[in-house]
Structure formats: structure tokens, C-alpha cells
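Trainee: Let's have the full structure, built from the sequences with the hints guiding it.
Those sequence lines, one after another, are chains B and R. In this text, residue positions in the first sequence follow this note's numbering: the first is 361, and each later residue adds one. In this text, residue positions in the second sequence follow this note's numbering: the first is 15, and each later residue adds one.
Just so you know, the hints here were simulated from the structure itself, not pulled from any lab data. Backbone N, C-alpha and C fix where the C-beta goes; we use that ideal spot for every residue, glycine too. Don't take each hint at face value.
Just the calculated beta-carbon pair ranges, DEER-fashion [stated by the list, open to error]: (1) B:434 - R:177: 46 to 52 Å; (2) R:434 - B:422: 32 to 38 Å; (3) R:191 - B:427: 42 to 48 Å; (4) R:288 - B:436: 49 to 55 Å; (5) B:434 - R:362: 47 to 53 Å; (6) R:318 - B:586: 42 to 48 Å; (7) R:439 - B:431: 57 to 63 Å; (8) R:102 - B:427: 51 to 57 Å; (9) R:248 - B:427: 39 to 45 Å; (10) R:537 - B:422: 51 to 57 Å.
Far from chain B by the CB rule (all over 10 Å, computed), these chain R residues [claimed, not checked]: (11) 144; (12) 272; (13) 307; (14) 360; (15) 443.
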Amino acid sequence: MLRFLVARLISAIPVLVGVSIAVFLMIHLLPGDPATIMLQGAPASAQDIQNLRHQLGLDEPLYTQYFRWLDRVVHGDFGVSIHTRRPVLTEITTVFPSTLQLAMAAMVVALGMGITLGILAALHQNTWIDTLSMGIALFGVSMPDFWVGLLLILVFAVYFHWFPVAGIGGLNYLVLPAVALGANFSAITARLVRSNMLEVLRQEYVLTARAKGLTQWRVVVIHTLRNALIPVVTIVGLQFGNLLGGAVVIETVFARQGLGQLAVTAILGKDFPLIQGIVLVAAIVYVFVNIFVDLLYTLLDPRIRPESLA
Amino acid sequence: MSDCDCGGGGGPARRELSRRSLLRGAAGLSIIGATSALLAACGGSSGGTATSSTSSGSSSGASTSQAGTSASPASGSSAQGAAKSGGTLTFGAWQDADTLDPHTTGLAATSRILIQIYDPLVWLNPKDSQYYPGLAQKWEVSSDGTQYTFHLRNDVKFHNGEAFSSASVKFSYDRIFDPATKSLALSLLGPYTRTDTPDPNTATVVFSQPYAPFLSYIGVILSMRPVSAKAYQDLGADVNVHPIGTGPFMYKEYVKADHFTMVRNPDYNWAPSFRAHKGQAYLDQVVWKIIPEPGTRVASLQSGQTNAIEVVPPQNVLQLQQQKDKYYIQNSETPGQPYMFLINTQKAPTDELAVRQACVMATDQDSIVKAVYQGVYKPSHNLMEPLTPCYAKDIEQYFQFDLKKAGQTLDSAGWTMGSDGIRTKNGQKLQIVNIVNTANDFNRISELMQATYKQIGIDMTIQNESQPSVFSTYNKGPQNFADFFFWDPSPDQLRATYGSENIATGFNWSHFNNPDFDKLVNQAATETDTTKACDLYHQAQVILGQQAAAIPIYEKDATIVVQNKIKDLAYDPNPYPYFFDTSISG
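Mentor: Printed below as a string of C-alpha cells:
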């Protein structure tokens, strides 16, 4: 098990290196000289630009620059935001917890709703329950998340006054945004759980369990659900990246500070150090989430553990 | 099984056992992890990093004084005696502050927050356009217009306890003047040289030439207000998130992109005489809640999470206007320049006067504004807004819609209509590039103009670019049309907008370079007689009109929608909302 973990971590390194190269090259691939881009049109003489180039190390060969940059990054120096002049890492770590909270809450909502709907649909296949559940799922995957967000605000915040409209704070600030963000993924999960459950329910060991006289609950939850969830675990990792991305829209609608809002501001303002920092952090988080999910996957399904292949 | 490193190293049964316990452990850990993360959200306090106030002395945190306690405002003003003291006002703002340092901020959004915290030397009362004593009890201007002497109050304290004196005035202006500060207010100081402090209650600001706009900038602009030298020493870089002033409200807490909280200053006793009451402010607390998305901001007012909101989309203004039992609308005109297009006078084909004139005449502001804003905003046919000093109504003659005359002007200039509906001259097509600043919502206006221009053979392409990079693009000048508006109480802003020294680095996005114009506005800046100054500015505007340097579209009003229970929301000359006299009733 430990060797598997180490192997996965080692295989993540080429991915991270690749990402770091792409992020580093970002500013060099843009038309124009990076120094001029950094200055953003502020008045500068040719000498000023020369000095800035030297300061940024732009007069050195590209691979030297890359290793210098990598060295700084590994030591936590992601540069300084052009507009706020604060360290990029500070900017990101200030807002990241809020986005992480939102993404996890949305995941909880999505999995909770999705798995429940999927089980119901599978157990009552081809009945009205099945049709209704899948109808809800279709709705959830078709509606744009900002529309869902605004609708939720209108109904539950403005009309019923059950939740606040905007901002960050306690749990009640998290409910509406989490539902809006999780709606899409819950639909996908529901369909996946349903089809997997249907497949697993047809297996012989389920028949055996029923023949043994086990209650419906034990049959469904203990014996079938765990196996049906294996593919769901896989897509949870992939979907986490989507949740981080979707947070951009939801954070704007609900006026929550977070990585999404920060990214939008950085991109619109062409704040390159900040953009690079955000992309790098997002990529690193995504890689590690997927490693974790891979591990979980092998834990859940003994058929795919490396020892069994030996 | 030597390469199995599961615990125990036994047979299959042992392995299954350890897998199960691993699973249980993993499940347990994830549940604990998720729960604790969500519980952290339950904490009630905000999730971001809050930089709380550590201000000395009085009640920064426990400001819940109710009417009737000893801390209530002085009973000097009988008319307001019935106004309730206390309560929190939550204001729904559309934009976050960039920095909380009044010398380096570039945003009106920041100014709106900080004017509650910093008092000026002299106040400009927007109701009668007169100057009133503030931190300075009286002041004189030397006969040659180069020296402004202020006689200061001796009972004023900053929020950190530092006494306000002439040293504070000197520190403030010297800091703006210092190139290391990179202050955006530097141009407002004009030909500043130094501030003399003969005694703690007298400060004389000295210029190298007469500088007429100075008093109006003092009365209106945030960055001209004195700051605490001690704060910059004590706080270092933190001063960018911890403002210390002499105003009726004090900084309490700022969570970036979420909210800014200020509390009443109990020591405040130097409000100007035109305010409705003396002593402290009524409100306990003002919370600036930052909600950039307009739909959400309106929803926050409707749900009661905010008591007043700004920058309301026209369709929501119309909708909220219907609910007179709940809200009232406050619309204020603002001095400055209206929302307009600046035409690039140095890029073909708009470098040709006939083309610019045709563009001006082909723009139907009235219909466009009616279509896009449904009557909530007023179309503008002038270079400045009516509240600006030296506004001249007759300049409107240069900015009138006349589609037929536009076509004729192009005909006479040799632009012939091509078979594709676009005019050409000497092989060049009449194509103009309109670079739209995404922050100003000019897309719909541009599209309507594009359609009308097509009728007379002008082909307009619309590109989008966002702030702040669009500003430097405009300076470089690849565009024919740049969109623009300006908040400024002084006609001197014409120099900032059209003066030739501001082409590469300032706001002169029409790249206007006219020596006669430059001479007029520079002379007007030194002219202390207002009538003579306005005459010079009038001549300058005539040149701009004849040269068709801009196309005005609509007047930018400040619209605020307020709950009925919020009383006496005042405005300063900008106009920004000012909460000193504001109270909550019922």
C-alpha cells in the first residue's frame, strides 16, 4: 500500500513539472516583452525597461530563468501581485479557505442528493419514482448554475427570508451557494449511481443476500451500495476540479470572496504573477485530490490493488 | 509474501481484516475532516482574515449605546432632538476598495468609504456651493494666489489619540508630493512646493505659481484630507488596511471583498455648521457590504440584508420605485464630465475633422439613452455636467443629432459611398475602431451607434477590453473611440482630459493636441477671478466643440435606493453618501 502511494506521488511529479513549465512559459508566450507587459503601459524610458529586464532576469537564457523561478516557487515565493503589490501567495491563501469550504459543501450536497436519487431510481426502476428522479437529474444538469443561484436567492432569501443573500460567514451563508454549485454534479452522480446500482443488483451475491433473509436496508446499503459507488469515487476527483471552476460564477453571484473571484479579477486586470500563482495552486490541489481519490479507489475495490496483480 | 508490506504479513484473512480497518479509518477521517471544515463555517465569524482595529481609548468594539445614555449626541440641535441614536446601517456597495490609504487609492469606491473617516480642512457645502470651516477655522489666500494659510482648530484628535496640528497638514501634503509614495493625488497638488508650520495651529501651503483650484480640491477630494503621521509610523505597511482619520466614524474591521465596518467616533465634536446636528454621529455602526453582482445587490435590499444600495440597474430602479411604502430613490447629479466617447484626433480616419463632426452628428443620444436606460438617466449634449462650475449650456450646439447633415459633411469631404455601404476616400474605407471598457457598460450604446453609423456609411468595429489595462491601451491610441467619464468638482478637469501634456500618461485619450486650448486652460488654472476663469474655460470648450473632440452620451447620476426607515442620508459634493446626520427610525 505504501509503495503504491509512493509510486503515485512519483508519477505526479512529471504532471506538476509539466504544469510548472506551462505556467512559467505563459508570460513568455504572450506577444510583447514580459517587462513591458509587467509595466502595463506605465511610462518608462528604454533604460527603465532594460533595468527591469535585468532585474527580472530576462536577459538570461530561458532554462536558467525557469530554474530560478522554480527555485523561488518551491520556497514559497510566487512573486508579487501587480495591482495590490502584496505577495501572490498571501493573496491566494487569504481567499482559498472560503473557496475550499464552498467546494466541499457543494460536494456534500451533490453526493447526498445524487446518491439518494440514484438509489431511489434504481430500486424503483421504471416506476414514476424512477422517472421523477431522472427528471430532476436532467433538470439539474441542464440549468446554468448562476441562474439556479439567482433563483435560490429570490425564493429562499428574498421571499422566505430563510437565508442571507450574500457574503461569507456562518453555515447559513453556505447553504444556498452550495446547493447552486452542487446541483450540476448531483445530477451526474444520480445517473451514475442508478446505472451502477442496477448492474450490481443483478449480481448473484445480491440474490444470495436476499435469500439469506437480510433486510432491504442491509442488502442495499451494506452489500450493493459500496460496490456501486466505486465509479462515483473516480469522478469525484475529476469533478472537484470542476467545482473549483464553477465556484467562479457562484462566488460572484453570492458575493463571496474566494479563489474564483480572485481569478476573475486577476485575468481581467492582466495581473500575470497572480494568474500564474492561481493556476499553479489550482493545478497542485487538483493533482493531490486525484491522488487521494486513486488511493481511495484502490482501498474500496480489492480487484484493482497492485498486490492482486502479482 | 515478502513484498507485502501490510501489517502482520499473514495470509489472506489477515489482509482482508486490515483492509476493512483501513476503510473504516479512511471513512472516519473523511467524515471528521468534512465535519470540522463545515463546523468552522458555523463559527459565526467571517471566514476570511479580518484585520480588527486596535485603536486606543474609546469604545471601538462595544458600540451599542442606545438613546438616553450619557453617550448620546449633544442636545444642541432641537430639530433633530427626536432623531433616534444608535443602530447599524448596512450599505450595499458595488465595488471593493483597492487600498485604504487615501493617498494611493484610485477608486471612487474607496473614497466613498473613507470620507466618513477623514475630515477635510475646509468643507464645500453642495447645497449652497459655499466653503465652511472644518479642521481649519479660517483661512486666507495671499493676493498673488500662491499661498494658502489655514488657522486650525486646537481641539481635534485623530482616532488613535494623536493631536491634530499643522504638522499633520505638512506631513499629509509632503507625503503626497513625495514621488516614492506614487500618489495618484499628485496632480491635484499642482505647483506645490512646501507647507510652512509657523505654529501648531497655523499651516501655510506654498505654491510656485497661483493655483486657483486648490480650495475646491480640499473641499471635495478625499486625498486632500489630513492623515495621522503617527499611524504611518506605528502601522507601517498595515496602514493600507487600517485608516486613521479625524472623522465621525472610525475603522473597525475590513475583510477584503466582503465588508468594511466602521463605528461611531465618540470624541467627534467638530462637524461643520451646515450639518443638522453637532457632536457625535447618530449611528453606532456603518457596514459597507460589498456585492458586485447587481442582481444580488438588489436582492439584498429586498431581503433586508442591506438598508441602502448604490449603482442600481435602471430596470430595478423602475421596479423599486413602485414600492414607495418600502423604499425611496435618491438621485443626485454629479459634477464632472458625462459618460462620453473621446474621439482620437490623431488616428485615421478620425484625425480628419469632417469625420469627427459626422460622428458627432450621427449620434442620437436621446434615443439611445431612452432605449438602453428607459428614462432613468438623462442624455447629455455637453462636455461637462450641469453641477460643474463654468458649465455652459450653449456648448450643446456642437453636439446635436442631425443624420442628414452628417452624411452631407462626409460627402463634401470627399468620402463617397461604396457599393458595400461603406464610404471610401483615396482607397481607404471609413472604418473606426471602438474599444469599449468592459466596466462601463457601453456595449449596448455602442451597438446602437454602430447601426446608425452604418446608415451613413461609417463602419464601426467594437472591441472589448477591461480595466485597468484598457487605460494604457487608450494612451497608446490604437482606438478611434475611447469611453470615458470623470468625477471632478473643478473645470480644471478639462486640462486633465484634453491638455496635451496628458496624452501619453494621463486621461487625454482623444490625443488632443491644440496649443490654443492648452494656453487657455493653463491660464485659467492660475486665474483667481471666477468670472474671468469661466470665460477662459468657455473659450476652451468652444474649441473642443468645434474640433469635435468627444461625443457626450448621458449624465452620470448617482442613484441610491434606501429603505424608508433610514432618515437624513446626506450627500457631499462628489456626491458620495455621507452618514453623519443619518439615523434609523422605527
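Trainee: Look at each hint and say if it fits the structure.
Mentor: Quick rundown of the hints versus the structure:
The hinted window of 46 to 52 Å between residue 434 of chain B and residue 177 of chain R holds, with their beta carbons roughly 50 Å apart. At about 47 Å, the beta-carbon gap between residue 434 of chain R and residue 422 of chain B misses the expected band of 32 to 38 Å. Remark: the range hint 42 to 48 Å for residue 191 of chain R to residue 427 of chain B is upheld by a beta-carbon distance near 43 Å. Evaluation of the 49 to 55 Å hint for residue 288 of chain R and residue 436 of chain B yields a pass: the beta carbon distance comes to about 54 Å.
Between residue 434 of chain B and residue 362 of chain R the C-beta distance comes to about 51 Å, which sits within the given range of 47 to 53 Å. For residue 318 of chain R paired with residue 586 of chain B, a C-beta distance near 46 Å keeps the hint of 42 to 48 Å intact. Range check, residue 439 of chain R to residue 431 of chain B: Cβ separation about 59 Å, and the 57 to 63 Å hint holds. Checking the proposed 51 to 57 Å range against residue 102 of chain R and residue 427 of chain B shows it holds: the Cβ atoms sit about 54 Å from each other.
Checked against the hint of 39 to 45 Å, the pair residue 248 of chain R and residue 427 of chain B passes, with Cβ atoms roughly 41 Å apart. With their beta carbons about 55 Å apart, residue 537 of chain R and residue 422 of chain B fall inside the hinted range of 51 to 57 Å. No beta-carbon of chain B comes within 10 Å of the beta-carbon of residue 144 of chain R; the shortest separation is about 39 Å. Distance to chain B contradicts residue 272 of chain R as a non-interface residue, since its nearest Cβ pair spans about 5 Å, not more than 10 Å.
For residue 307 of chain R, the shortest C-beta to C-beta distance to chain B comes to about 5 Å, within the 10 Å cut-off, and the non-interface label is violated. Against chain B, the non-interface label of residue 360 of chain R holds: every CB pair exceeds 10 Å, the least being about 17 Å. The claim that residue 443 of chain R is not at the interface with chain B holds, since no C-beta of that chain comes within 10 Å of its own (minimum 26 Å).
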